[in-house]
Amino acid sequence: MSPADSAGMGAGMGADPAETLIREAVAAEADRAPDTRAVLAGLRGSRARSVRHRFPLMAMTATVVVTVVVTVVVTIVCGVILVPPLLRSAAPAAHDSGTPAPVSQNVLLAGIDDNDTADSIVLAHLDRDGAAEVISLPRDSWVNSGSGMAKLSAVYTTGGITKLVSTVEELTGVHVDHYATVPMQGFAQLSTAVGGVPVCLKAAVHDTYSGASFPAGRQVLEGASALAFLRQRHGLPDGDLDREARLQVFLTSLARELLSGSKLTDPDTLHALLAQVREDVTADPGWDLVAFAEQVIGLRPAGLRTGTIPITTTALWTDTSGAAIGVDPAQVRAYVRHMMDDTVNDTAPSPGAAAPTGPPSPVADTCVN
Amino acid sequence: MPDGFDEFVTERLDRLLRYATALACDPHLAQDIVQEVLLRVQRHWPKIASLNAPDLYVRRMVTNEYLSWRRRRAARDIASEHGTLDAIGQPTLDPAVSYAERDAMRARIAVLPRKQRAAIVLRYYEDRTDPEIAEVLGCSAGTVRSHISRALGTLRAAVQQHSEWTGREAVREGSS
Numbered sequence: 001m002s003p004a005d006s007a008g009m010g011a012g013m014g015a016d017p018a019e020t021l022i023r024e025a026v027a028a029e030a031d032r033a034p035d036t037r038a039v040l041a042g043l044r045g046s047r048a049r050s051v052r053h054r055f056p057l058m059a060m061t062a063t064v065v066v067t068v069v070v071t072v073v074v075t076i077v078c079g080v081i082l083v084p085p086l087l088r089s090a091a092p093a094a095h096d097s098g099t100p101a102p103v104s105q106n107v108l109l110a111g112i113d114d115n116d117t118a119d120s121i122v123l124a125h126l127d128r129d130g131a132a133e134v135i136s137l138p139r140d141s142w143v144n145s146g147s148g149m150a151k152l153s154a155v156y157t158t159g160g161i162t163k164l165v166s167t168v169e170e171l172t173g174v175h176v177d178h179y180a181t182v183p184m185q186g187f188a189q190l191s192t193a194v195g196g197v198p199v200c201l202k203a204a205v206h207d208t209y210s211g212a213s214f215p216a217g218r219q220v221l222e223g224a225s226a227l228a229f230l231r232q233r234h235g236l237p238d239g240d241l242d243r244e245a246r247l248q249v250f251l252t253s254l255a256r257e258l259l260s261g262s263k264l265t266d267p268d269t270l271h272a273l274l275a276q277v278r279e280d281v282t283a284d285p286g287w288d289l290v291a292f293a294e295q296v297i298g299l300r301p302a303g304l305r306t307g308t309i310p311i312t313t314t315a316l317w318t319d320t321s322g323a324a325i326g327v328d329p330a331q332v333r334a335y336v337r338h339m340m341d342d343t344v345n346d347t348a349p350s351p352g353a354a355a356p357t358g359p360p361s362p363v364a365d366t367c368v369n
Numbered sequence: 370m371p372d373g374f375d376e377f378v379t380e381r382l383d384r385l386l387r388y389a390t391a392l393a394c395d396p397h398l399a400q401d402i403v404q405e406v407l408l409r410v411q412r413h414w415p416k417i418a419s420l421n422a423p424d425l426y427v428r429r430m431v432t433n434e435y436l437s438w439r440r441r442r443a444a445r446d447i448a449s450e451h452g453t454l455d456a457i458g459q460p461t462l463d464p465a466v467s468y469a470e471r472d473a474m475r476a477r478i479a480v481l482p483r484k485q486r487a488a489i490v491l492r493y494y495e496d497r498t499d500p501e502i503a504e505v506l507g508c509s510a511g512t513v514r515s516h517i518s519r520a521l522g523t524l525r526a527a528v529q530q531h532s533e534w535t536g537r538e539a540v541r542e543g544s545s
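From first to last, the protein sequence lines stand for chains A and B.
Per this note's numbering, the first sequence starts with residue 1, numbered consecutively.
Per this note's numbering, the second sequence starts with residue 370, numbered consecutively.
The reader is advised that the hints may include incorrect statements.
Listed next, the stretches of chain A that the computed footprint assigns to chain B, with coverage defined by at least 3 CB atoms under 8 Å from CB atoms of chain B [said to hold, decoys possible]:
hint: 1; segment: 135-147
hint: 2; segment: 329-338
Anything over 12 Å on all C-beta distances counts as not near chain A; from chain B, calculated [what the hints assert, rightly or not]:
hint: 3; residue: T390
hint: 4; residue: P415
hint: 5; residue: K416
hint: 6; residue: A418
hint: 7; residue: N421
hint: 8; residue: P482
hint: 9; residue: K484
Just some of the chain B residues that point at chain A, by a computed CB distance under 7 Å [claimed, not checked]:
hint: 10; residue: D383
hint: 11; residue: R387
hint: 12; residue: Q404
hint: 13; residue: M474
hint: 14; residue: R475
hint: 15; residue: V480
hint: 16; residue: L481
hint: 17; residue: L506
hint: 18; residue: A526
Honestly, the hints are just simulated from the structure, not real lab data.
The structure displayed is predicted, hence computed values, not measured ones.
A virtual CB, placed ideally from N, CA and C, is assigned to each residue, including glycine.
Put together the whole structure using the sequences plus the hints.
As structure tokens, this is what we get:
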């Protein structure tokens with residue numbers, strides 16, 4: 001740090017007006033430095049204020065906004081599915097019988113479609129005190145997989161869940177404690193048990209590939225028709241994007257039906273189906289699913305925050321994989337750190353709506369292609 | 370908090386913030402960057418404290434954080450800074466002409482390519498040696514010299530233009 005070191009410049013100090021001017025200019029710039037107290041306060045935990053301008057509102061496409069909603073749904077649906085029947089019927093007893101106290105944990109949930117593609121990828125952080133942050137990672141996010149750049153969804157297809165876990169860890173900077181994959185098809189089966197799931201179509205469709213044949217407008221789907229609705233990608237304006245949107249409105253609507261139970265005519269069938277779907281859930285061997293399910297059930301609704309990782313562009317053209325979603329790892333890490341910072345959550349004025357990407361909109365009522 | 374981290378922050382924070390501000394040309398961004406970095410430093414403090422030059426290492430972290438933030442914002446910021454440049458870069462007969470000159474230089478430094486700017490700040494604000502700058506930027510000393518000489522080339526050309534202007538004004542004033 002000795003000023004004499006700069007004598008190696010070749011140009012004599014002070015003799016060169018340009019260098020003098022540069023010194024003054026840089027020093028003037030440095031003089032605009034913020035007060036150290038702001039940073040010290042931040043280090044002690046109350047980071048909310050300074051963090052705000054770090055995530056300017058970004059242009060979000062409908063797809064991305066919808067993804068925000070599905071994060072909650074997937075978590076809730078997974079929670080509901082994972083709850084063992086015993087726990088559901090005799091919850092109070094289960095509490096005291098040696099179930100370990102809830103721990104703070106990071107969980108990666110991936111919804112898998114029938115092409116073995118990770119359709120919906122969610123990173124959830126569950127706090128000890130019943131708060132949770134659920135962060136959605138768009139499946140087309142263009143990320144470093146360790147062996148080159150790839151879409152997140154493709155990372156799962158080619159490398160399996162372990163590769164997806166390590167990629168998400170690298171991208172978000174957090175350690176994933178546990179993971180689970182959930183087959184999306186199981187959700188279609190659940191639609192029957194809840195007495196049908198309301199959806200709305202913008203236009204009538206007839207597709208021989210998937211067997212989808214629906215009129216325009218609001219309708220209630222169940223069983224085979226729900227499956228066809230979820231499978232169709234041919235003959236739609238945006239192909240796979242439309243299919244993704246359908247999946248998301250369907251899940252949101254399904255979660256609403258599951259939680260309200262208003263049309264639940266046959267609880268036994270529902271339990272049987274839940275058991276069936278649960279069999280298809282793959283979780284890491286060390287994960288105490290009973291404790292997790294209990295923790296999900298015990299979530300404070302007000303303590304639930306959702307969001308989507310910041311994206312730089314929704315139209316990143318890649319040579320190998322077509323259009324992808326651009327993400328900046330530094331931004332993603334900062335965002336995830338901010339979201340998962342317990343102190344911020346506790347001081348947030350209205351935690352339920354505090355997601356930087358905006359509160360979930362009533363997507364279940366939205367008409368899709 | 371880990372042992373020694375508090376002292377480190379107390380001693381270095383002000384300087385670190387000033388460095389980051391000079392680097393980012395944006396006090397808010399500088400605050401965010403320093404905060405992010407210090408949180409990371411805090412977590413890995415025992416390891417960082419055991420290094421030869423923890424201070425230099427933290428400088429490097431701040432610089433890297435800045436370079437990666439900057440990547441996304443570059444296009445927008447440079448556009449707005451060009452506006453600033455035009456606004457304050459016009460030679461005037463203002464009595465505070467030195468301030469105007471200095472601010473014009475600030476604007477010019479703000480639009481330098483980011484690694485050149487980092488090299489300039491490390492050289493002219495931090496008074497670092499070439500090898501030290503090389504360590505912070507993660508490149509060779511030769512690359513540091515090339516960054517600095519290119520930046521100086523750009524900035525000198527601007528100063529020359531500017532003084533030709535003001536020189537002409539002075540001559541005209543003197544002869545009238």
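TODO: Grab the minimum C-beta distance from B/Q404 to chain A and call the hint holds if it beats 7 Å, violated otherwise.
DONE: 5 Å, holds
Open item on the list: A cut-off of 12 Å on Cβ-Cβ distance, and B/A418 was said to be off the interface with chain A. Does that hold?
Closed with: Answer for B/A418: holds, closest chain A Cβ roughly 16 Å.
Open item on the list: Is the claim that B/K484 lies outside the interface with chain A correct, judged by CB distances over 12 Å?
Closed with: Holds: least Cβ distance 15 Å, greater than 12 Å.
Open item on the list: Hint validation: B/A526 versus chain A, beta carbon distance must be below 7 Å. Holds or violated?
Closed with: 9 Å, violated
Task: Evaluation of the interface hint that places B/V480 against chain A, nearest CB under 7 Å - done: 12 Å, violated
Task: 12 Å Cβ clearance of B/T390 from chain A - done: The assertion about B/T390 is violated, with a minimum of 4 Å to chain A.
Open item on the list: When I compare C-beta atoms, does the segment 135-147 of chain A have three or more residues closer than 8 Å to chain B?
Closed with: violated (count 0)
Open item on the list: Using Cβ atoms and 12 Å as the threshold, tell me whether B/K416 really stays out of contact range of chain A.
Closed with: 17 Å, holds
Task: Nearest-CB test (12 Å) between chain A and B/N421 - done: 14 Å, holds
- [ ] Mind checking the CB of B/R475 against every CB in chain A and telling me if the closest is under 7 Å?
- [x] 4 Å, holds
Task: Reported absence of B/P415 from the contact zone with chain A (all CB gaps over 12 Å) - done: B/P415 is indeed farther than 12 Å from all Cβ atoms of chain A, at 17 Å.
Open item on the list: Let's test the interface hint: is any C-beta of chain A closer than 7 Å to that of B/R387?
Closed with: Result: holds, 4 Å to nearest chain A Cβ.
This entry does not satisfy hints 1, 3, 15, 16, 17 and 18, going by the numbered hints stated previously.
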